[in-house]
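Chemist: Given next are the chains, with one letter for each unit.
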Amino acid sequence: MIAKSKFRDPNLTRQVADQIHRVAPKGDHIKICHVCGTHEWTITHFGIRSLLPENVEVIAGPGCPVCVLPASEIDEAVELALRGVAITCFGDVLRVPGSKMSLLDAKAEGADVRVVYSVADAVKMAGKETNREVAFFAIGFETTAPSTAVEVLKKPSKNLSFLVSHRLIPPAMELLLGIGDLHIDGFIAPGHVSTIIGLKPYEIFTKVYRMPTVVAGFEPLDVLFAINRILKQFKEGTARLENEYTRAVSYDGNLKAREAMNKAFEVLDGYWRGLGRLPSSALRLRKEYLHYDAREKFDIKIKHGRDILPGCQCHLVMIGKIRPDECSLFMKVCTPQKPMGACMVSVEGTCRIWASVSKSV
Amino acid sequence: MIMCLAIPAKVVSVEGDKARVDFGGGVLREVNIALVDVKVDEYVLVHAGYAIEVLSEVEAEETIRLWNEILEAENKVQEK
Chain Z
796 MIAKSKFRDP NLTRQVADQI HRVAPKGDHI KICHVCGTHE WTITHFGIRS LLPENVEVIA
856 GPGCPVCVLP ASEIDEAVEL ALRGVAITCF GDVLRVPGSK MSLLDAKAEG ADVRVVYSVA
916 DAVKMAGKET NREVAFFAIG FETTAPSTAV EVLKKPSKNL SFLVSHRLIP PAMELLLGIG
976 DLHIDGFIAP GHVSTIIGLK PYEIFTKVYR MPTVVAGFEP LDVLFAINRI LKQFKEGTAR
1036 LENEYTRAVS YDGNLKAREA MNKAFEVLDG YWRGLGRLPS SALRLRKEYL HYDAREKFDI
1096 KIKHGRDILP GCQCHLVMIG KIRPDECSLF MKVCTPQKPM GACMVSVEGT CRIWASVSKS
1156 V
Chain L
144 MIMCLAIPAK VVSVEGDKAR VDFGGGVLRE VNIALVDVKV DEYVLVHAGY AIEVLSEVEA
204 EETIRLWNEI LEAENKVQEK
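These protein sequence lines map, in sequence, to chains Z and L.
Under the numbering used here, the first residue of the first sequence is numbered 796, with each subsequent residue one higher.
Under the numbering used here, the first residue of the second sequence is numbered 144, with each subsequent residue one higher.
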């Protein structure tokens, strides 16, 4: 495979940065939004913002699947754990605050909470411990949902259930465009979500909202070229859907993965932490697999939770309305060691990523 | 783990829905390949233990070529 260094070539980087300065409109403030924690990581760690003209701003939308989980769904997992169900989850979820406690707090109280690398680990555990109820906390966007679907469709051991909290990205992008004073001028679409869903779901943004949209990979040059393409479209007054990440993303996406998702899940409205209910933005198991649904199996349905602690501005950081350092708690009372909000917990959260390069750490 | 992070890996061997892949430096790991059609020596993007897409080497090279071409063209426009 082609060397990674080619996608980080300093000479090419300098040239693209120069080109960005030339093509950027003078005066107008341009706001480009991405919706992926990994993009934020690339942008922050490679100092991409420092290469851009002053009037070109890149903001982070709700692209951290752990951060967008509402407290009510953490509460559901906690409730299951406290009732004696072994909860298997990704490591990032452990410390996400629920209304009263996190899964880590539940573990400290003696609940059986286990970190897994993959849903396959949960399937294995349930297969080995058939006398024990095991639930997999299925979170993540379209990148992760197919793996849950694959295991559900294989009809795993009956003592395994799924607390499905998957979310879909395009409805969140649409939400951002409805926020009147956010004024986004272009989207960097998330590369790995796009490997699954392809390009079609983004057509609404160019056709209806006239929003330049570029699917991008995760190397610094991927992101810089995407910014360059968006600025170019802005200058030309066009709104096209471009795919910069052709080495992984095709127009149709991953058909096998989409088929598995369609078979296992149906789409419904979903709550997002601090953002409220977004139409058609969540997944749940279809009727024929409902016996694997942890909410049905254990009759757990928590409607409302406390998403945001007083003073925390996670909900504004998550839509790119403010930068982490504009929150008065950032790195003062809210730190990676003692996070107040979900954005500081997950390694994909905007606050956590900014904290990792903050001088005061 | 970073939820949307997917890491390229080279497929070393395939057995049914499982493959052993190399993340570089000889770190081998078993991943599920139910979501892709992949052969030995090809590269996959691995996310949370599942290969989510096969990486196209041709497209990777094409991207680099295209970037250079775009910059060259834009520099020329600028010079005019």
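Don't read these hints as lab results, they were simulated from the structure.
Heads up, some of the hints might be wrong.
[Stated by the list, open to error] Selected chain Z positions facing chain L (Cβ under 8 angstroms, derived; list incomplete):
(1) T808
(2) N926
(3) R1042
(4) Y1046
(5) A1052
(6) S1123
(7) L1124
Note that beta-carbon positions come from the ideal geometry of N, C-alpha and C, so glycine has one too.
Chemist: Evaluate each hint against the coordinates.
Modeler: Hints, verified against the model:
1. T808: Violated - the Cβ of T808 of chain Z stays beyond 8 angstroms from chain L, reaching only about 10 angstroms at its closest.
2. N926: violated, 26 angstroms
3. R1042: holds, 4 angstroms
4. Y1046: violated, 13 angstroms
5. A1052: holds, 5 angstroms
6. S1123: Since chain L brings no Cβ nearer than about 27 angstroms to S1123 of chain Z, farther than 8 angstroms, the hint is violated.
7. L1124: violated, 24 angstroms
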